[in-house]
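Whole structure, please, built from the sequences with the hints as guidance.
As a plain string of letters, each chain reads:
Number of protein chains: 2
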Amino acid sequence: MADKISNYEALTVDTMAGRLGSIESITDILGTNSSKWTSEEMGDGNLNLVFIVKSDQGSVIVKQALPYVRLVGDSWPLPLKRAFFEYHALIRQAERDPGTVPEIYHFDGAQAIIVMQFFTPHIILRHSLMAGTKHDGLAKTLGQFCARTLFRGSDLSMDAAKRKADVALFVDNVALCDITETLVFSDPYFDAERNHHTPQLDQLVVELRADIDLKVEAQHLKSKFCNNAETMLHGDFHTGSVMVSESETKVIDPEFVLYGPIGFDIGMLLGNFWMAYFAQPGHAIAEGARDDYQNWILGVVDDVWAEFSSEFSRLWREERTGILYEKSLFEDQGHTLASEQALAHRLQDIWQDTLGFAGVEMIRRTLSLAHIAENDSIENEELRADCEARGLKLGRQLVVNRSRMNAMATVNDLARTIAKEAK
Amino acid sequence: MADKISNYEALTVDTMAGRLGSIESITDILGTNSSKWTSEEMGDGNLNLVFIVKSDQGSVIVKQALPYVRLVGDSWPLPLKRAFFEYHALIRQAERDPGTVPEIYHFDGAQAIIVMQFFTPHIILRHSLMAGTKHDGLAKTLGQFCARTLFRGSDLSMDAAKRKADVALFVDNVALCDITETLVFSDPYFDAERNHHTPQLDQLVVELRADIDLKVEAQHLKSKFCNNAETMLHGDFHTGSVMVSESETKVIDPEFVLYGPIGFDIGMLLGNFWMAYFAQPGHAIAEGARDDYQNWILGVVDDVWAEFSSEFSRLWREERTGILYEKSLFEDQGHTLASEQALAHRLQDIWQDTLGFAGVEMIRRTLSLAHIAENDSIENEELRADCEARGLKLGRQLVVNRSRMNAMATVNDLARTIAKEAK
Numbered sequence: 001m002a003d004k005i006s007n008y009e010a011l012t013v014d015t016m017a018g019r020l021g022s023i024e025s026i027t028d029i030l031g032t033n034s035s036k037w038t039s040e041e042m043g044d045g046n047l048n049l050v051f052i053v054k055s056d057q058g059s060v061i062v063k064q065a066l067p068y069v070r071l072v073g074d075s076w077p078l079p080l081k082r083a084f085f086e087y088h089a090l091i092r093q094a095e096r097d098p099g100t101v102p103e104i105y106h107f108d109g110a111q112a113i114i115v116m117q118f119f120t121p122h123i124i125l126r127h128s129l130m131a132g133t134k135h136d137g138l139a140k141t142l143g144q145f146c147a148r149t150l151f152r153g154s155d156l157s158m159d160a161a162k163r164k165a166d167v168a169l170f171v172d173n174v175a176l177c178d179i180t181e182t183l184v185f186s187d188p189y190f191d192a193e194r195n196h197h198t199p200q201l202d203q204l205v206v207e208l209r210a211d212i213d214l215k216v217e218a219q220h221l222k223s224k225f226c227n228n229a230e231t232m233l234h235g236d237f238h239t240g241s242v243m244v245s246e247s248e249t250k251v252i253d254p255e256f257v258l259y260g261p262i263g264f265d266i267g268m269l270l271g272n273f274w275m276a277y278f279a280q281p282g283h284a285i286a287e288g289a290r291d292d293y294q295n296w297i298l299g300v301v302d303d304v305w306a307e308f309s310s311e312f313s314r315l316w317r318e319e320r321t322g323i324l325y326e327k328s329l330f331e332d333q334g335h336t337l338a339s340e341q342a343l344a345h346r347l348q349d350i351w352q353d354t355l356g357f358a359g360v361e362m363i364r365r366t367l368s369l370a371h372i373a374e375n376d377s378i379e380n381e382e383l384r385a386d387c388e389a390r391g392l393k394l395g396r397q398l399v400v401n402r403s404r405m406n407a408m409a410t411v412n413d414l415a416r417t418i419a420k421e422a423k
Numbered sequence: 001m002a003d004k005i006s007n008y009e010a011l012t013v014d015t016m017a018g019r020l021g022s023i024e025s026i027t028d029i030l031g032t033n034s035s036k037w038t039s040e041e042m043g044d045g046n047l048n049l050v051f052i053v054k055s056d057q058g059s060v061i062v063k064q065a066l067p068y069v070r071l072v073g074d075s076w077p078l079p080l081k082r083a084f085f086e087y088h089a090l091i092r093q094a095e096r097d098p099g100t101v102p103e104i105y106h107f108d109g110a111q112a113i114i115v116m117q118f119f120t121p122h123i124i125l126r127h128s129l130m131a132g133t134k135h136d137g138l139a140k141t142l143g144q145f146c147a148r149t150l151f152r153g154s155d156l157s158m159d160a161a162k163r164k165a166d167v168a169l170f171v172d173n174v175a176l177c178d179i180t181e182t183l184v185f186s187d188p189y190f191d192a193e194r195n196h197h198t199p200q201l202d203q204l205v206v207e208l209r210a211d212i213d214l215k216v217e218a219q220h221l222k223s224k225f226c227n228n229a230e231t232m233l234h235g236d237f238h239t240g241s242v243m244v245s246e247s248e249t250k251v252i253d254p255e256f257v258l259y260g261p262i263g264f265d266i267g268m269l270l271g272n273f274w275m276a277y278f279a280q281p282g283h284a285i286a287e288g289a290r291d292d293y294q295n296w297i298l299g300v301v302d303d304v305w306a307e308f309s310s311e312f313s314r315l316w317r318e319e320r321t322g323i324l325y326e327k328s329l330f331e332d333q334g335h336t337l338a339s340e341q342a343l344a345h346r347l348q349d350i351w352q353d354t355l356g357f358a359g360v361e362m363i364r365r366t367l368s369l370a371h372i373a374e375n376d377s378i379e380n381e382e383l384r385a386d387c388e389a390r391g392l393k394l395g396r397q398l399v400v401n402r403s404r405m406n407a408m409a410t411v412n413d414l415a416r417t418i419a420k421e422a423k
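Just so you know, the sequences run in chain order U and H. Position 99 of the first sequence, counting from 1, maps to 99 under our numbering, and the rest follow consecutively. Position 77 of the second sequence, counting from 1, maps to 77 under our numbering, and the rest follow consecutively.
No lab work stands behind these hints, which were simulated from the structure alone. Check the hints yourself; a few may be wrong.
[Said to hold, decoys possible] Straight-line distance between alpha carbons at most 27 Å, and here's what the computed BS3-like set of lysine-lysine pairs gives:
#1 H:K224 <-> U:K224
#2 U:K36 <-> U:K54
#3 H:K81 <-> H:K162
#4 U:K162 <-> H:K81
#5 H:K134 <-> H:K420
#6 H:K224 <-> H:K81
#7 H:K250 <-> H:K134
#8 H:K162 <-> U:K81
#9 H:K224 <-> U:K327
#10 H:K162 <-> U:K224
#11 U:K420 <-> U:K134
#12 U:K224 <-> H:K327
#13 H:K224 <-> U:K162
#14 U:K162 <-> H:K162
#15 U:K250 <-> U:K81
Here you go:
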């Protein structure tokens, strides 16, 4: 595969300085003495090469797509163009929620390279959730990021012709969407080749795969994911795509970008928080040692949704400049109440979608190809299976009963009940 | 506007033979002796030039886009590219429901010309509905056309990458979508510049524009129209886009093509039938003279939906080869019942969308720019306003209460009640 792509060459730590050392936007950060640069490959990406390149002046991240899925190898080719989509997603996210995504210093489409801001001393949120570390301001940044990028990328805000041009641009991200369509929405629901799960879950997996209501609802959610092009999504917004320091929260890696339903990003994020919640017993040094941290996670979930809905509502009232629910029809006619009624309906729809997408994400991360580190790192298989089973049970409830759950307190209470009861 | 488009030249009856006389796919129909061809401009299009070109061997339709809206003039420019979209829609419709749309003999994108099959002795269905003429097989062809084109253009059937390429292709049809977005979904709900209505409706129009539930629901439907890219729609599927003879039903003019919600085409069609139903008293030679014909129209409505749902269900069971509701998840697991459950849910969603889109179409054709000939041709303004008011009342009920109407018999009964009561 690789040798068919003209001129493309994978970067190495040895070729880094030679290949990037004369690009001004990079030497502005690292200095022109590229012989002094040091490069290190992080090696933890599922799909790409990711290097940290440092000098005594500064540091950058160099991300390069490989022509295949790194996690699997040459046998699963994947287009280099995903770097192009990530680049276009990043510049739009930066416009829509300034300061939350990495600044881009350089983009090379042919080489599938993005050189961007290195967030330090930030770490991946998922690792914090295993370590039991709390972060102030996390929910606020995540909720606002969702509200701002999702609102401002939609027909609620954008010029219609520009949004349509963006739909055309991103709908070509076929290969990465296919991964989501298959691994999230289909594979978990039958005995697909790439699936794997903790053996102690066998009986529960049989039950879930025989659960007709679950399967039908998961497909309804897939249908929304595939066809409901409401806004530009991050597309892979789990806790591994969030970086945190003591005071800052940043969002990275939007290469799965697509136009899709507003609830998808928030749902995937919340699903990952709920899984982290259930995984805590696997990381506690003693029974109950993570009780407080578990409560903190549920508090974050509560706050993410509250921040999202409050910021989304603010944007609805202040920035509704698109072709949907035009102010000329509502506020300009003295019908502010009608605008609020429409907002409430839309938030209710987004809420239900959010729960559903959270549910399929929890099921997928336990039964399909890519699991989460919080569970994978629990060496005791019985204990891991307990944690995973709880996630599956909440996931199932969210997917099937999402239209009958009316507040986050209800869902968090359900999570607490499942955490206590299931064993 | 026109003079900015290099090489484009509008056809005339005098230049027809010179410009098209040496194109083999056309001379195959008309013969090579183009000096004997006769051309006639039909002059009834809102947007385009349409010629019938005949020889002693045969006849063709020559349709050419103008760089502006013909109905309005130069002041409303409109891209020539709509001919490109119509061409691409026609070839897909011909594949998906062979024999229902005109065969294409020649396409010239730069000149925005499509040369295609002339259906004769067919007339526009709308004219039949004014004349009170019945047509056998009408509902069957229309219901099947909807089911086949809408199912086969969706992720229920198509290869996902091909569908996404088609989404990208058609999402560029911005100008024509903008007409629908504005004239159908927004203008009727406030005092927009291009609106006009029969003066006797003034009071009812005030009530409708103060109706908050109606306005909010119309915007929810607009949101679906703009964002829910389920399938390739005809996009302008009213009774003026249908041609009928004694035994045949044909569908023309898909230049408003877009990827949108499955219920849109059927809804627009049914809305036009219901308006034709209410317009009958304006065309009756004596009171009650059109009672039987009115019943026939409601029967057609009933049959269109029945044919659509039966054919859609057949295709669901036999041709579900896309990425949604995959057979590998359902039938292949022995879960045929789950597949039927999913089908029932989807038909219920399409049903509700259909009623909603029918409702906004009825309101739009009475209050916005382009009205229907069935009403416009009623010279007595009082009588015309009565017919139109009935359509507005049913339209309002459909838009606001569509989720609580469970069968076509209910809706047709409501139409009958409104026809009797309103005066």
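Hint check results:
no. : hint              : in the structure
1   : H:K224 <-> U:K224 : holds, 11 Å
2   : U:K36 <-> U:K54   : holds, 9 Å
3   : H:K81 <-> H:K162  : holds, 21 Å
4   : U:K162 <-> H:K81  : holds, 18 Å
5   : H:K134 <-> H:K420 : holds, 23 Å
6   : H:K224 <-> H:K81  : holds, 25 Å
7   : H:K250 <-> H:K134 : holds, 15 Å
8   : H:K162 <-> U:K81  : holds, 18 Å
9   : H:K224 <-> U:K327 : holds, 18 Å
10  : H:K162 <-> U:K224 : holds, 18 Å
11  : U:K420 <-> U:K134 : holds, 23 Å
12  : U:K224 <-> H:K327 : holds, 18 Å
13  : H:K224 <-> U:K162 : holds, 18 Å
14  : U:K162 <-> H:K162 : holds, 23 Å
15  : U:K250 <-> U:K81  : holds, 24 Å
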